[in-house]
Amino acid sequence: ALHLARGTGGRVVYSTCSLNPVEDEAVVSAALVESAAANAHDSSLDPSRCAPPGVTLEDACALLRARGVTCSPGVSSWRVAVMGDGGGEDADGESDDEMPALHWLDSSAEGKAHKLPNTLWPQR
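1 is the number of the first residue of the sequence shown in the numbering used here; add one for each residue after it.
It is worth saying that the hints were derived from the structure and are not from the lab. Treat the numbers as computed from the prediction; the structure is a model and nothing was measured. Quick reminder that beta carbons are idealized off the backbone N, C-alpha and C, glycines included. Check each hint, because a few of them may be wrong.
Between beta-carbon pairs, the in silico distance windows are [said to hold, decoys possible]:
(1) A101 x G9: 46 to 56 Å
(2) K112 x N20: 19 to 29 Å
(3) R11 x P73: 13 to 23 Å
(4) T8 x H103: 24 to 34 Å
Can you build the whole structure from these sequences, using the hints too?
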């Protein structure tokens, strides 16, 4: 979709009902990176950017607020949760060695051990 909208004045809108940045910002970030990679043959591509020329990322909050819609700005950094072995808490908040625990990963380097794609983290 980004390739089709590029240079034509078209607009691609991505919207979810999730508050999870892995389902929101990470999807947009990955799309920008993949679009840039798909256009790597384009000599006008600046490799320091995460998007091909003619593609810009815009915050839609101003447009939405003008129409009375409440929204929050996106985030530029986040952690990714993975399930670990034991050490979780039961419904009463008591430690339970048999309950899976969430472990938070701060970078794609940490995610490699869990075989997670780099695109789950912010692309710089």
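Tested hints:
1. A101 x G9: 46 to 56 Å: holds, 49 Å
2. K112 x N20: 19 to 29 Å: holds, 21 Å
3. R11 x P73: 13 to 23 Å: Given range 13 to 23 Å: holds, Cβ gap about 19 Å.
4. T8 x H103: 24 to 34 Å: violated, 44 Å
The structure is inconsistent with hint 4 alone, although it conforms to all the rest.
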